[in-house]
Structure formats: C-alpha cells, structure tokens
Amino acid sequence: MRIGLFATCLGDTLFPEAVKSTAVLLARLGHDVVFPPGQTCCGQMHVNTGYQREPVPLVRNFAEQFGDASIDAVVMPSGSCAGSVRHQHEIIAERYGDAALRAGVATVKAKTYELSELLVDVLDVSDVGAYFPHRVTYHPTCHSLRMLRVGDKPLRLLRAVDSIDLAELPEADACCGFGGTFAVKNAETSTAMLQDKMRNVTATGAAVCTAGDSSCLMHIGGGLSRITSGTRTLHLAQILSSTRTSPHVLTEAAR
Amino acid sequence: MSATFLGMPATPPRSPYGTGNLRGDRKFPAAAHDELRNEQLRGNLGRATRTIRAKRLTVTGELPDWEELRDAGSAIKTDTMNRLPELLEELERNVTARGGTVHWARDGVEANEIVARLIKETGSEEVIKVKSMATQEIGLNEHLESLGITAHETDLAELIVQLAHDKPSHILVPAIHRNRDEIRQIFLKEIPGVDPSLDNVPAHLAAAARVYLREKFMTTEVAVSGANFGIAETGTLSVVESEGNGRMCLTLPDTLITVMGIEKVLPRYQDLEVFLQLLPRSSTGERMNPYTSMWTGVTPGDGPQTFHLVLLDNGRTAALADRIGREALNCIRCSACLNVCPVYERTGGHAYGSTYPGPIGAVLTPQLAGMDAARDDPNSSLPYASSLCGACFDACPVKIDIPSLLVELRHQHTERSGTTAEKLAMKAAAGVMSRPKVYTAAQKASGLGRVLAGRDGKFSHLPPPFSGWSESRDTPAPPEQTFRAWLASAEGAATMRAAADEHTRGGQPTRDQQQEEDK
Chain A
1 MRIGLFATCL GDTLFPEAVK STAVLLARLG HDVVFPPGQT CCGQMHVNTG
51 YQREPVPLVR NFAEQFGDAS IDAVVMPSGS CAGSVRHQHE IIAERYGDAA
101 LRAGVATVKA KTYELSELLV DVLDVSDVGA YFPHRVTYHP TCHSLRMLRV
151 GDKPLRLLRA VDSIDLAELP EADACCGFGG TFAVKNAETS TAMLQDKMRN
201 VTATGAAVCT AGDSSCLMHI GGGLSRITSG TRTLHLAQIL SSTRTSPHVL
251 TEAAR
Chain B
256 MSATFLGMPA TPPRSPYGTG NLRGDRKFPA AAHDELRNEQ LRGNLGRATR
306 TIRAKRLTVT GELPDWEELR DAGSAIKTDT MNRLPELLEE LERNVTARGG
356 TVHWARDGVE ANEIVARLIK ETGSEEVIKV KSMATQEIGL NEHLESLGIT
406 AHETDLAELI VQLAHDKPSH ILVPAIHRNR DEIRQIFLKE IPGVDPSLDN
456 VPAHLAAAAR VYLREKFMTT EVAVSGANFG IAETGTLSVV ESEGNGRMCL
506 TLPDTLITVM GIEKVLPRYQ DLEVFLQLLP RSSTGERMNP YTSMWTGVTP
556 GDGPQTFHLV LLDNGRTAAL ADRIGREALN CIRCSACLNV CPVYERTGGH
606 AYGSTYPGPI GAVLTPQLAG MDAARDDPNS SLPYASSLCG ACFDACPVKI
656 DIPSLLVELR HQHTERSGTT AEKLAMKAAA GVMSRPKVYT AAQKASGLGR
706 VLAGRDGKFS HLPPPFSGWS ESRDTPAPPE QTFRAWLASA EGAATMRAAA
756 DEHTRGGQPT RDQQQEEDK
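These protein sequences, in sequence, are chains A and B. The end of the first sequence is residue 255 by the working numbering, with every number in the run present. The end of the second sequence is residue 774 by the working numbering, with every number in the run present.
So here's chain A without its partners, still in its complex pose (with noise of 0.2 Å):
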C-alpha cells in the first residue's frame, strides 16, 4: 500500500523519532511510505485557540499534499492531529473554502488514519513483530479515545509486543491535561490534573509511559522529568518499531 505520512508539525520539528518509527515500521510491513514534502501543519492549534480564518491556507494545503489519487492512504502518529483532519477541515472548509477546498478536504478524510487505526483497521495486523522487554503503562489521549473511537486498538498493538510487561494505568481515561494552549492559559488547572495523572503513571512502576500522541507525552514527560520520576514517555510507535534486531535502547531517565 501507498502510504502517505504526515509527520505533524510537532513530530517533524521537536519528537522526530515517533514519525522516524513510524516510517520505520510501516516500511518494515512492506509498505510504499511517501512524504509530501510542501507539507506542515494541519492546523489543529489555531481551531483549539479559536481561529479558523486563519488556518485555512494550512487545511488547503494538507489537502494538496495529500489529495493526490496515488496515495492510498494518509497516517499520522498523532490522535488529536487525525482528529482535526476528520473533524475540523470539513467545519473550515464549509466556512470559508470554496467548492474545490471542500473537496479536497472530504477527499484526505476519508483517507486519513491515525497510526493505530491504520494498522489494525485497515493494514489489518496487531502483531508488528515487535520486541520490547520493559514495563509499559498506556495512556489513552483524549483525542484518541473520543474523536477517533480508537478504543483497545493501541493495546492491542501492545499486548502482541513479544516480552513486554503492560501494565493497567489506573484512571487512564482521565485528561492529562495538556489541552493545547489550554496548559498554557490555564497553566495552573492543567498542572492539578497533570499531578494526579503522573501519580497513577509512576503508581504502575512502569519503565515507559506510552500514548499516541507527542504532545501528550510532552505533557506528561514534561511533568515527570520535573519530578525526577524514574518513568520517562514514548511514543507508541517507538515500541511498535522496537525488534529483536534493532531494540530500542532506554536511555537512563532523568533522575
């Protein structure tokens, strides 16, 4: 399959080694990885903060990058950025697109998928092949969970991991509290959530704390390296990518 990969703009400039992963695995599976490269940013900040006027040369421009007929299908190692392409760029697009941005948007929906959905929805395989021998909890990003209705997919990746030990996150399904810009213009009520999220992480004694999307983690990696914890944050796709072959290494977490 031809695979188009959107690295977000988070993931291109600050987390590359989730989208390296995913580009990794996905080639690994036997899959044609593409990268647009006039792509950027879908423009899920702007909607959040509250403007839609101005994102709308990024959502024209998502749907150029990724329009093309040859792409069978769009992946992002991000829930909350899939959920704007599904979610948002239609609400922009009928605001104030013309004819052709709405369909180009309604062509990229259909075809966007975030990581895990596309593995196991449409690629149909749980079991990647990966190895990971360490303590793993998974926190289920809002996006995630409600946007997209990933439910156990993640996990299922997960439990087929050859000699992970997963471990249940108690009150997973809770906020961390990142938010966007919500951490940081109500930095105050983010950091009372993201103290009780980090006490059930390092509750689980986890080595790892994983989710699927990097801002999420930089929330809670952000917290935890405050705290010198012992756990430190990865993206699902970094352990998705992780074999016998190539592990990947944990570093010492800072303490």
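Honestly, I wouldn't trust all of these hints.
Covered stretches of chain B (in silico footprint by chain A; criterion: 3 or more residues with CB under 8 Å from a CB of chain A, positions within the stretch not fixed) [to be verified]: (1) 281-287; (2) 591-602; (3) 638-650; (4) 669-680; (5) 690-699; (6) 728-735; (7) 765-771.
Treat the hints as calculated values from the structure; they're not laboratory data. Model, not experiment: these values are computed from the prediction. Quick reminder that beta carbons are idealized off the backbone N, C-alpha and C, glycines included.
Could you slot chain B onto chain A? The hints should help.
Quick look at chain B alone, frame taken from chain A:
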C-alpha cells in the same frame, strides 16, 4: 405593522450586563488560582464526583436502550428548539385554559419585577422556594430581599448555601464544596433556636433543617419554583427532586409562582417518558428520582388556588438565533458533564462565576449573557476553561457536542476581539506554515534553541506567555535534526531501505514465529 419591523430585525437581547448571576468578576484563570489552593474543596469534589461518576455508569449501563434514549432525548429537544415559538404559545394557551396566568419576561430584570409584583399582590412578605436554577440565574432572592421580601430556600443543599451567604457551586449539589463540619457550624450560627449540642451526623443535620423548614411550610402562603419541564400539549409543569421539600412548596401555599426558562418546554406529555429516564440516571445516578411533581393550572379546593407561570428569555432567544449555539439550549441541567469534567473537578463551580458552572456552563453562560470583548468580559475566558477532552460529550444525556461548541465560542470571541498579540502570532504562524520553504527555514532556526537549553537539553524556565507552563514542566530542546532533514539524509535513506529490505527477507518474526525459533 409596528416600527420594530422596519429595517433589519433587532438582535435578540442577552442577559443585561450587571444583573443576575451570569457573570463573575474575575476571569477563569484568576478565580481558579484561588480555588485550586482550597484543599478542602478539591478533596470534597474529587470524592463526590468519583462516587457519582461510578453510580451513573452503573445505572446507565444497565439499560439496554440507553443510547437510543439519548438519541430520543436529543431529537425531542432539537425539534422543540426548531419550533419553540409555537410550542410556547401552545403552552400559554393550555396553562391559561386551566386557570393559570402566563407572564413573559424578556430578561432577568423583568422576571424579577413580575415575581415581586405578584408576591406583593398577595400581601405576603415571605416566600418558600423550590430549588431553581432559573431564579438563581436572575438573582431573584437578592431582588426580593431589596424589597423587604424574604425568600426561604427549602432544598437542603440550597438552604445550606443560603444560610452561609454563599453561592451554589454545582447545578445539582449546590453545597458540594461544603463538608458536614462546615454545615454544622452554619446551622449553629444561622438557624434560630437550633439545639446547641447538634453534632455533625448527616441524619441529625437533616433533622435540624427539617424542624426549621416545617415551620416555614406551615406558615408561608406563597411559593416560588422553577420547572424541569413544561408540557405544551397539556399546560402541565413538572419538578423532579430528591427530598420532597419541593412538593411541600408546590402543594401547601395558596399562591404558586413558577419561573421557567423558555427552553424547558416539551411538546407532548408522552415526552416525559424519555426525560424521566434520562435525567435521574444522568444526574444523581438513580434509576428514578424520589419525587416527581406535576401540576396543571389550578384545581379548585386542592393545592395552590392561584398559579402564575413566568416564561424567562434572558438571552435564550439570542442563543437560539445562533445556528451553532442553539444546541446548548437542549441542556436539561442534569450536571453529568460537571461530574466527569477534569477541570470542574479541580476548580469547583465558583471559578466559573456563573449560576451554570462546568462544561455546559462554559457554553451556556457566554451565550445567555454575551462575552463583551470591549469590556474584557470574564465570560470570554469561559470557553477556554476546558482541555477539550470530550468526557462531557460522552456523558451528556441529550448528546450536546460541548467540545465543538466551546471551540465555536472561542472562534466567536477571537472574531470579535480585534487585533491582539495572540491573533498576530496565530496569523504569523499560519503564514509560516503555509509556505513550506519558510517553514523549513523556521524549523532550522528553532534548532538554534538548543544553545539556549540547559546542559541536560531541557528548558526549565520559559518567558511569558509560557512561564505558567514551565512552572511545572520541563520542555525538551529541539533535536539536532528534524524528521524531514533525517529522511532526506543519507542515514535516513539507508534506514528506510534497510526496513524495506527486512520485509523482502520475510520481515520481523512475529511472537509465535519467535517462540518457534527459540525452541
């Protein structure tokens, strides 16, 4: 044709500035700052919301048709909003035909004046009240007090709030922020003649309130209520409650005055079937609420002999006129969204500054009262008081898409707020991100941030507006190479080739194959 029909139709009025309880005096982050430090509040709220969340999941989970009920509730409310004027007129006709009197109030000021006039006409200087969000919204008690009329709240939690000269902090459990020790203190101080040896056992506290309230029920001739539902088809009004104190108010006095938001109308009597299932299960986690009272006009010789219905707009028509905003009027005030909201759970209701707190309050309050950009309105901060986690949407019995409505209100706010530093930054970011070459250059420049980071490759202090973020979170420095730079590099190309080759060779062994090999 009157002059008002000339030219453009006037925008329906919002709740007037400076009246009622639909606007706090501080923005949400400032109010939350104080509330977050109240350990008692956070403890109470955490326990209470966790308990009620679990109860709600149990009783909604046991209904095989819960999702169909939610759909039905949503459909009935949407239909109601789509033909609200005709349904209200039908309600008025049927209430009048059965001996009631209907009054129309454009806003809280008018509603307060109408209710005060009706009470004065009875000659009474006291009223007993059924717990009512509508009268909280318009500040009726305060208005009556200014005219020398004493309003006694009879819902136990509402009574606690009133005696403490406090404000409710939850739609359904107004005193959720108080514990039993505080309640004991409030009763000892405020209830005349209370037993001074009163302890903090809930049953004893309830008994003390009962003695106090019974005297009010027996001696007060006028009652004021809200309404959970008003049935257009029959002119029937309904209140659902847990304690029965509301029923005492609705049956004992001579005069009953009901203040009902115009969105509370339902087309048919039969529609109650849906809402009497949805409401208690969503709000208190009960299969059925203990008391459901219904009354239709007046019945000679039984119950109040004079009945008035005040239909309150106070910004509802303005919300209805908004294609997107009208969805919020479907709310049946069950408070399920409050109980699942991680923001509400930490800050409590007072941080929202409105009678309607929590997720639905953050939507409803700015719709009813506006978010006046020119006045730097505290209400404009409410749509941002959410991480958009979506738990409220899942819990809502009538499927109001609260996160999407919040995003829409944010959009309305930025559209009206002129040029701000944030808007310029958002425009600049979009400008850069819509030009891939400029974007790539900007990414490279961000890599320079590495030199500013600490030796551990992290930022622990960031400048405003990010200083709040960096108070409790480290931020990694941008890596040496972006993903696109890596992919374009020789290393990236080689890695991708090797991965593809692995597939050609048969790929990574799956767990089963590995176990087979290991044998």
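Numbers of the earlier hints that this structure fails to satisfy, in rising order:
none
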